[in-house]
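Student: As a plain string of letters, each chain reads:
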Amino acid sequence: MKVGLFIPCYIDQFYPNVGIATLELLEKLGCNVAFPLNQTCCGQPMANSGYSNLTKGCDANFVSNFSEFDYIVAPSGSCVLHIKEHLKDADHPEKAIQIRKRIFELCEFLTDVLKIDNLPASFPHRVGLHASCHGQRGLHLSSMSERNEPSFSKPGHLLSMVKGLDLVQAERPDECCGFGGTFCVFEEAVSVKMGKDRIGEHVQNQVEYITGGDTSCLMHLEGILKRQQSPIRIIHIAEILNSSISN
Amino acid sequence: MITHAKEAEKFNKDEARVDWHDDTLWFVRQKRDRMAHNIPEWEQLREKASQIKNHTLSNLDQYLIQFEKHALANGVHVHWAANAVEHNQIVFQIIQKHGFQKIVKSKSMLTEECHLNEFLISQGIEVIDTDLGERIVQLRHEPPSHIVLPAIHLKKEDVGETFHQHLGTEKGAKDPQYLTEAARQHLREKFIAADLALTGVNFAVAETGGIVVCTNEGNADMGAHLANVHIACMGIEKIIPRQADLSVFLRLLARSATGQPITTYSSHFLRPAPGKEMHIVLVDNGRTEQLARADFRNSLKCIRCAACFNTCPVYRRSGGHSYHTAVAGPIGSILAPNIDMRKYADLPFASTLCGSCSNVCPVKIDIHDQLWKWRQILAQEGHTGTAKATGMKLMSAVLSNPDIYRFAGSTGRWFLRHVPSLASNSLNPWFKQREMPEPPKESFRDWYMKNRKKPKGE
Ligand code: SF4
Chain A
4 MKVGLFIPCY
14 IDQFYPNVGI
24 ATLELLEKLG
34 CNVAFPLNQT
44 CCGQPMANSG
54 YSNLTKGCDA
64 NFVSNFSEFD
74 YIVAPSGSCV
84 LHIKEHLKDA
94 DHPEKAIQIR
104 KRIFELCEFL
114 TDVLKIDNLP
124 ASFPHRVGLH
134 ASCHGQRGLH
144 LSSMSERNEP
154 SFSKPGHLLS
164 MVKGLDLVQA
174 ERPDECCGFG
184 GTFCVFEEAV
194 SVKMGKDRIG
204 EHVQNQVEYI
214 TGGDTSCLMH
224 LEGILKRQQS
234 PIRIIHIAEI
244 LNSSISN
Chain B
-13 MITHAKEAEK
-3 FNKDEARVDW
7 HDDTLWFVRQ
17 KRDRMAHNIP
27 EWEQLREKAS
37 QIKNHTLSNL
47 DQYLIQFEKH
57 ALANGVHVHW
67 AANAVEHNQI
77 VFQIIQKHGF
87 QKIVKSKSML
97 TEECHLNEFL
107 ISQGIEVIDT
117 DLGERIVQLR
127 HEPPSHIVLP
137 AIHLKKEDVG
147 ETFHQHLGTE
157 KGAKDPQYLT
167 EAARQHLREK
177 FIAADLALTG
187 VNFAVAETGG
197 IVVCTNEGNA
207 DMGAHLANVH
217 IACMGIEKII
227 PRQADLSVFL
237 RLLARSATGQ
247 PITTYSSHFL
257 RPAPGKEMHI
267 VLVDNGRTEQ
277 LARADFRNSL
287 KCIRCAACFN
297 TCPVYRRSGG
307 HSYHTAVAGP
317 IGSILAPNID
327 MRKYADLPFA
337 STLCGSCSNV
347 CPVKIDIHDQ
357 LWKWRQILAQ
367 EGHTGTAKAT
377 GMKLMSAVLS
387 NPDIYRFAGS
397 TGRWFLRHVP
407 SLASNSLNPW
417 FKQREMPEPP
427 KESFRDWYMK
437 NRKKPKGE
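Those protein sequence lines, which keep their order, are chains A and B.
Under the working numbering, the first residue of the first sequence is numbered 4, with each subsequent residue one higher.
Under the working numbering, the first residue of the second sequence is numbered -13, with each subsequent residue one higher.
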């Protein structure tokens, strides 16, 4: 099984540790992983701002980097959702369609494709989970409180395999953190208020870490936590699931 | 120009009030969740409602004609209005014909949309909103901030002050029972004195020509039964085919709106009482245009339950007035640009696209997808501003080319590490209340080149 690793642009530039953890974890679980060196961005920042007509370059670049893999895996629900819903390539339409079918967010790849039921990970800390909207509602990584459906959580299931980890549920389990791409700057006031409220619940739960599957949401929460000089730290779920290796 | 972002920022100046607003609406959403989760067939009900609405929208012309035929046969006067101005004129002509002076209204978002009150008042007519929340905001000369809970932005202290000024209640009084009783006495007088009652319509049944109005206070009934003339105003999308379909919608509406099993009064009006007069005004006002936009026609399925408002984390923290339109919230943000793209170009951006609205909606409107699609149209039509367009073009140029991307990335990180004040300044809206991420020395790609001897995928 050939797995193409997609590391979204802002993770590549600002959170290389998330990329490293993702790669090591997949390798540890027996995947043959390659990182195509000419990848950049999925195009979501433009498309969600109304400029999907400007994503042709990103789309074509994505297709040329990722068309040869059985699976494409990325540690970001939001970027994966964008590719799944919007990737187009006029010159290679069938390749784009294949990629849309083969791309997976890390947690869903681990639970649905690799179907792992144990992990040699250990992370003896009190942890709060932030369910990012695009992963949760877009990719249906966990059940949502709006719908009348059996409750489940793929990230929660994976975290339950980690030794010593004490997962505490937030009171509003699936409320948005307010990042929202360019929303975080164009609607700065509401964005920050939403982020503060998310953090507030985790503070009440006295967690040491907030984790999640989307670095963008985590980056926004981290920015607020640091400004508040909070001792709570941010960690991507890939880093926790890979923790026995990096520790 | 008023924008959602600016108004929301003002609203956020008083954080305690934002918390209170958020908690109050979250309480309503939780009640809704409990109700929805107690009905095993909830998701099937939503699907059924969505299908009925789809079918109705595809045959809207026929159902409207059928409705008119039956309403006329029932002795009801039927009027058609292409837009808000026509609607207001029709209502005014009926009032004038009888030489009436005083009318009572029960809540109708359509008349808000058409700005009927302002128009009638300017013609010297006394117009009294009889829904308690509506009356409160009317006394304050404010528009409603929510389609089901019009005064949800006000605390009981605010209401006490308003009633003290206008109804002569004691200064500083904030006991809800005392205040409600004062409103009740005040409204009784208005009901008794009214010549004409105007109501909205929740559902209009094509098969019978009858209409259904849902209220929790019974004010629509009180008005319609006391006055000699009843005018019911409805958007043309309120049609449902059969009386039997009501069972689906009435179950969904109240649960989604307030978490009640059913609204206190679901009043059916079929024909005028002997010696009285009943009118129905069917209003288009942009609806057929929306129907013709394939990507947006679904928005006409809306039954105005406001569940999408209550669930929306942005609405809860920005308040209804920030949307500067009669129907606020997520659904308002996809309806408003249809009426005026320039004026409401900001609204499809007042969302994080979290998707909660689409999943809470009892008729399964793909609200967040429509927000995304409106963004594309607004950008194409040049309503998003030149600064944003230029920025996006630049971003696209950088991200489309791996070499430029890597160069920009490494220089960007270098600058952030060595001259952090470049980004950490007051002109950067990120930095206002958040720290910047710490730039690492190397990118993931740099690490990969060093640590994986034979990089694959070249
Ligand atoms: S869009 Fe859906 S949830 Fe929102 S008010 Fe209309 S019916 Fe209710």
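Watch out, some of these pointers could steer you wrong.
[To be verified] List time: in silico DSS-like cross-link candidates among lysine-lysine, alpha-carbon distance up to 30 angstroms:
(1) LYS87(A) / LYS88(B)
(2) LYS262(B) / LYS329(B)
(3) LYS427(B) / LYS229(A)
(4) LYS329(B) / LYS229(A)
(5) LYS31(A) / LYS329(B)
[What the hints assert, rightly or not] To be clear about the criterion: a stretch of chain A counts as covered by chain B if any three or more of its residues have a C-beta under 8 angstroms from a C-beta of chain B, and this derived list gives those stretches:
(6) 13 to 19
(7) 96 to 107
(8) 122 to 131
(9) 149 to 163
(10) 178 to 184
(11) 205 to 216
Calculated directly from the structure, the hints in this document are not laboratory data.
Note that the Cβ used here is the ideal one computed from N, Cα and C, for glycine as well.
Student: At least three residues with a C-beta closer than 8 angstroms to a C-beta of chain B: is that true for the stretch 13 to 19 of chain A?
Tutor: Since 6 is at least three, the answer is holds.
Student: Residue count check for the stretch 149 to 163 of chain A against chain B: does it reach three with CB-CB under 8 angstroms?
Tutor: holds (count 4)
Student: Are at least 3 residues of the stretch 96 to 107 of chain A within less than 8 angstroms of chain B when you compare beta carbons?
Tutor: Answer violated; 0 residues pass the 8 angstroms Cβ test.
Student: Under 8 angstroms between beta-carbons, do enough residues of the stretch 205 to 216 of chain A, three at least, approach chain B for the coverage claim to hold?
Tutor: violated (count 0)
Student: If you look at each residue in the stretch 178 to 184 of chain A, do at least three have a Cβ nearer than 8 angstroms to any Cβ of chain B?
Tutor: Result for this restraint: holds, n = 6.
Student: Do at least three Cβ atoms from the stretch 122 to 131 of chain A come closer than 8 angstroms to Cβ atoms of chain B?
Tutor: It is violated, with 0 qualifying residues against the three required.
Student: Does LYS87(A) pair with LYS88(B) here, judged by a C-alpha cut-off of 30 angstroms?
Tutor: Distance ~58 angstroms between LYS87(A) and LYS88(B) Cα, so the pair is violated.
Student: Would you mind confirming whether the straight-line C-alpha gap from LYS329(B) to LYS229(A) stays at or under 30 angstroms?
Tutor: violated (38 angstroms)
Student: Within a Cα-Cα threshold of 30 angstroms, do LYS262(B) and LYS329(B) meet the stated pairing?
Tutor: violated (42 angstroms)
Student: Does the alpha-carbon distance linking LYS31(A) and LYS329(B) stay inside the 30 angstroms limit?
Tutor: violated (54 angstroms)
Student: Given the hint that LYS427(B) pairs with LYS229(A), test it: the Cα-Cα distance must not exceed 30 angstroms.
Tutor: OK: LYS427(B) and LYS229(A) at ~20 angstroms, within 30 angstroms.
The structure fails hints 1, 2, 4, 5, 7, 8 and 11 (numbered hints given earlier, in ascending order).
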